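Each chain, written out:
Protein chains: 2
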Amino acid sequence: MIELSEIRKARSRIKPFIHQTPVLTSLSLNKMIDSELYFKCENFQKSGSFKIRGAANTVLQLNSQELEKGVVTASSGNHGAALSMVVSRLGITPIVVMPNNTPKVKVDNVKRNGGKVVWCEPNQVSREKILDDIIKQTNSILVHPYNDKRIIEGQGTVTLEFLEQCPNLETIVSPIGGGGLLSGTICSAKSLNKTIKIYGAEPKEADDTFRSIKSGTIQVNQSTNTICDGLRAQIGTIPFPIIKDNVEGILTIEEKDIIDSMKLIWETMKIIVEPSCAITLAAILKNKRLFLGKKVGLIISGGNVDLKSLPWNK
Amino acid sequence: MIELSEIRKARSRIKPFIHQTPVLTSLSLNKMIDSELYFKCENFQKSGSFKIRGAANTVLQLNSQELEKGVVTASSGNHGAALSMVVSRLGITPIVVMPNNTPKVKVDNVKRNGGKVVWCEPNQVSREKILDDIIKQTNSILVHPYNDKRIIEGQGTVTLEFLEQCPNLETIVSPIGGGGLLSGTICSAKSLNKTIKIYGAEPKEADDTFRSIKSGTIQVNQSTNTICDGLRAQIGTIPFPIIKDNVEGILTIEEKDIIDSMKLIWETMKIIVEPSCAITLAAILKNKRLFLGKKVGLIISGGNVDLKSLPWNK
Chain A
0 MIELSEIRKA RSRIKPFIHQ TPVLTSLSLN KMIDSELYFK CENFQKSGSF
50 KIRGAANTVL QLNSQELEKG VVTASSGNHG AALSMVVSRL GITPIVVMPN
100 NTPKVKVDNV KRNGGKVVWC EPNQVSREKI LDDIIKQTNS ILVHPYNDKR
150 IIEGQGTVTL EFLEQCPNLE TIVSPIGGGG LLSGTICSAK SLNKTIKIYG
200 AEPKEADDTF RSIKSGTIQV NQSTNTICDG LRAQIGTIPF PIIKDNVEGI
250 LTIEEKDIID SMKLIWETMK IIVEPSCAIT LAAILKNKRL FLGKKVGLII
300 SGGNVDLKSL PWNK
Chain B
0 MIELSEIRKA RSRIKPFIHQ TPVLTSLSLN KMIDSELYFK CENFQKSGSF
50 KIRGAANTVL QLNSQELEKG VVTASSGNHG AALSMVVSRL GITPIVVMPN
100 NTPKVKVDNV KRNGGKVVWC EPNQVSREKI LDDIIKQTNS ILVHPYNDKR
150 IIEGQGTVTL EFLEQCPNLE TIVSPIGGGG LLSGTICSAK SLNKTIKIYG
200 AEPKEADDTF RSIKSGTIQV NQSTNTICDG LRAQIGTIPF PIIKDNVEGI
250 LTIEEKDIID SMKLIWETMK IIVEPSCAIT LAAILKNKRL FLGKKVGLII
300 SGGNVDLKSL PWNK
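Quick note, the sequences are listed as chains A and B, same order. Positions 0 to 313 (numbering that gives the first Met the number 0) are the ones given, in order, by the first sequence. Positions 0 to 313 (numbering that gives the first Met the number 0) are the ones given, in order, by the second sequence.
I should point out that these hints are in silico values taken from the structure, not numbers from a laboratory. Do not rely on the hints blindly, as some may be mistaken.
Which copy? The list can't say, so a pair holds if one copy fits it or any two copies do.
Said to hold, decoys possible - Okay, derived cross-link-like pairs now, DSSO-like style, lysine-lysine, Cα gap no bigger than 30 Å in a straight line: (1) 128 / 313; (2) 255 / 307; (3) 285 / 115; (4) 103 / 255; (5) 115 / 262; (6) 243 / 189; (7) 307 / 285; (8) 307 / 193; (9) 255 / 313; (10) 30 / 115; (11) 115 / 148; (12) 255 / 14.
These numbers were taken from a predicted model, which means no experiment stands behind them.
Next comes chain A alone, as it looks inside the complex (with noise of 0.2 Å):
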């Protein structure tokens, strides 16, 4: 576990890079549950996503002759978005490594935010390899989109930020790709309330996290496909133990309950959110009973969706 006083110094430090976002509420939707939602909504965070919280948690620890390497990452794009958001500020092109199979909007996200992309096949042998070749090369430090304690503890911001606007939360639901958010918090919320149950909903199709806590130990992915871009990833080595311990459980969802959900969040809500965290109320809806009558937040962890291929014109 991370400290949360380790949280609440992240939080002073990257307060002039990010917005202290809001929470909505549905009546549609709770009645349609018999629950009380709360949407944490990081789809309106600077950059477009929770992202920028651990990335610039991590940046703003760095020295200068650190900084002068340069940075480098590997991400499905919000992470590096975020990232070259934060550094670009700082005077420095970061080098983002993605995969040839990244949606449109997340790359030009990433250029647009003055990061410079090079490409990796959508497996983690060919990111792995393009990334040291770039760090022999260049030198560049790494900050990785969710394996470092600093990530986590920038990720941890947002439950520190959602208890204080909503105090009685009894659950909070939190997407789960390689387990940067969901530890983050896991060690916010259970240092501020311990009763509280956290929930990972993780897509069925890239359920390496639902596996690896069966089995006790690290299980890779057997396939990433699925919709939820910025689920792919592995669960990291730094956040497995602490979300093997503290997790309530993992729901695993089917693709077509993630993307009628975002739907549903879209036509009720009017706000635009990813499937990597519509994925939260589908665990909901997929599972009543475990919320039924609670105060449970959601955490809708980015908005970078790409208006022209959407879900349900498919």
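Knowing the structure of chain A, use the given hints to seat chain B on it.
Leaving out everything else, chain B in the frame of chain A:
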């Protein structure tokens, strides 16, 4: 002009039926335009648009004998849904006359809220004939979508709230269709601050208000071939003199610019807005010098959009 005291009374009357909607801002859009933009988000309003304010204010002033007769209206969608939401709470099924080219999402919205849809051709002659027939046959009370003092008072409550939330606005841009919202905006804003400037944003393809003000008398729409389904109505005789005498100008906008602005709002602000109010941002983008360095309010009137038929995918 309508007295501010009447709009204040409307506000108390409709309070249990509406949300106080938030005001959002976007640093990226401010930077792009060199102004401070404030978005009054009635897309988050109950029923998905501001229309519930006027509908509630009117229905709540009907006596029990009038209510027993039933209510009828003609609507491009949002007023019909709003009226249905209000009167179904009173146990009444309203009749809503809708053009047969209305987007499906708006028809569904009327039905889901308890309204009964009767079709007309998409022109004023057909609409009025069918409406008259229904009133003769059923003796129902007409709740007009805009040409009614009670409706204008209700719509005026948007700006009563808006100027409490942002007291320093120098200019407000409102969409103009039938004129209920724009005339209500004028009555509230000018009563609270004589120097505030109010603009209407109107599609070039349905520019009756622009031409009516130019000529001094009400002109009819030559076409209503606009994506702004909420702005195809003919300016009403009650809103017209209020608008004519107090509006700073009517800014007419091309279809392409409306669609571009809609996409820009969705992408940068992550909120779902109709073309009928995205037109306010288009009006600012196409007339930047009018708004340069100013604090500008935009009335985001609704968010009922057919997600399966988005204009940038056509």
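How the hints compare with the structure:
no.: 1; hint: 128 / 313; result: neither (34 Å within a copy, 41 Å between copies)
no.: 2; hint: 255 / 307; result: both (19 Å within a copy, 16 Å between copies)
no.: 3; hint: 285 / 115; result: neither (40 Å within a copy, 33 Å between copies)
no.: 4; hint: 103 / 255; result: both (22 Å within a copy, 23 Å between copies)
no.: 5; hint: 115 / 262; result: between (32 Å within a copy, 25 Å between copies)
no.: 6; hint: 243 / 189; result: within (14 Å within a copy, 60 Å between copies)
no.: 7; hint: 307 / 285; result: both (28 Å within a copy, 24 Å between copies)
no.: 8; hint: 307 / 193; result: neither (44 Å within a copy, 44 Å between copies)
no.: 9; hint: 255 / 313; result: both (12 Å within a copy, 25 Å between copies)
no.: 10; hint: 30 / 115; result: between (46 Å within a copy, 23 Å between copies)
no.: 11; hint: 115 / 148; result: within (25 Å within a copy, 58 Å between copies)
no.: 12; hint: 255 / 14; result: neither (38 Å within a copy, 39 Å between copies)
Violated hints for the displayed structure, listed by number in ascending order: 1, 3, 8 and 12.
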